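K.L.:
In the UniProt record's numbering, the protein residues as written are 1 to 290.
Since the hints were made in silico from the structure, they are not lab data.
No experiment lies behind these values; they were computed from the predicted model shown.
Check each hint, because a few of them may be wrong.
[Claimed, not checked] Pair ranges (Cβ atoms, derived): (1) 87 - 44: 46 to 56 Å; (2) 77 - 264: 28 to 38 Å; (3) 274 - 79: 44 to 54 Å; (4) 275 - 157: 51 to 61 Å; (5) 180 - 77: 25 to 35 Å; (6) 268 - 197: 51 to 61 Å.
Every residue, glycine too, gets a C-beta built ideally from N, C-alpha and C.
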Amino acid sequence: MALVAVLVVVGLVALAALRVARVGASARDVAWLAGTAPGELPPAEAAVVARHLERHRRHRRVGGLVGVAFAVVVGIRWYASVGFGVGQHSPLADVLFCGVAGVLVGALVAEGTRLPRTAGAVTASLAPRPAAPHPRYVGAARGLVAAAVVLGVALLVAGRGPTTLVTALAGAAVVAVAEVTRARVVGRRRPVLAPRAARLDDRLRAFAAGSVALLELSAAVLTATWVLFGLQGAFGAPDGGVVDLVLGFASLAGLVVAAVLLHRAAPRPPRSWRPPVPDPAAAVAPAAPA
């Protein structure tokens, strides 16, 4: 009964948060994603950008809330506490780790949305596309997770238990979701489009792929942070030893970096963003009266 009560409370909080949270895209949001000045896009193109942005916000928010709810239920049911960041329990009871995982799943669902296929022949453009942004972030995420898995295997062979390996594999699963999402964004077929529409499609792809790369690195950093935290006391150093102190600072730095990456991946313009100077030639002419 206690678990049912927790689920009810978490569900009500999630519904309230979704109700209050802003999902709609403003003119500034659309201009940021399209790389134009506010009001410069034709209404039809602006509507496409707004729907894309709103879809990502909605699905990511739902995914993040589901992840947080999952961590709360696991923490209360099996550990009698809920953590934020690294701790003595499993990352499955960490609202930050599960929240990032949920946001990534939400991004995958958002990119899985497709327009209904029209009747007739289907054409695809063979024109080259710009490379996806942040390839170094993706490489760093892969390297961190691979190192965490190798370390987990080494500790398991050394007889120190499977905890580190299980944590690393959980992080690898989250990073795999990010890889699938990014591949779906980059590999999605594109019909033959006018140059203006192709440029807008490139902007939408770059936003989605770049944002997922930041989320992927955030998940990898959290995984490495959990692994480092679990190594405290594993080298025989006394409490307060130099090794444990370094690992503690590294874990704290990892949490900060993961939080910054999560903030940067948010589907909204940064506060420092300023729209470009409007192009009079690209301004939308008012419709002629009927």
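K.L.:
It remains to establish, for every hint, whether it holds in the given structure.
P.N.:
Hint check results:
1. Taking the beta carbon of each, residue 87 and residue 44 are about 50 Å apart, inside 46 to 56 Å as hinted.
2. A hinted range of 28 to 38 Å for the beta carbons of residue 77 and residue 264 is consistent with their spacing of about 33 Å.
3. Between residue 274 and residue 79 the Cβ separation comes to about 46 Å, which falls inside the hinted range of 44 to 54 Å.
4. Taking the beta carbon of each, residue 275 and residue 157 are about 56 Å apart, inside 51 to 61 Å as hinted.
5. Restraint check, residue 180 to residue 77: a C-beta distance of roughly 29 Å satisfies the suggested window 25 to 35 Å.
6. In this structure the supplied range 51 to 61 Å is violated for residue 268 paired with residue 197, their Cβ-Cβ distance being about 24 Å.
Checked against the numbered hints given earlier, this structure breaks only hint 6.
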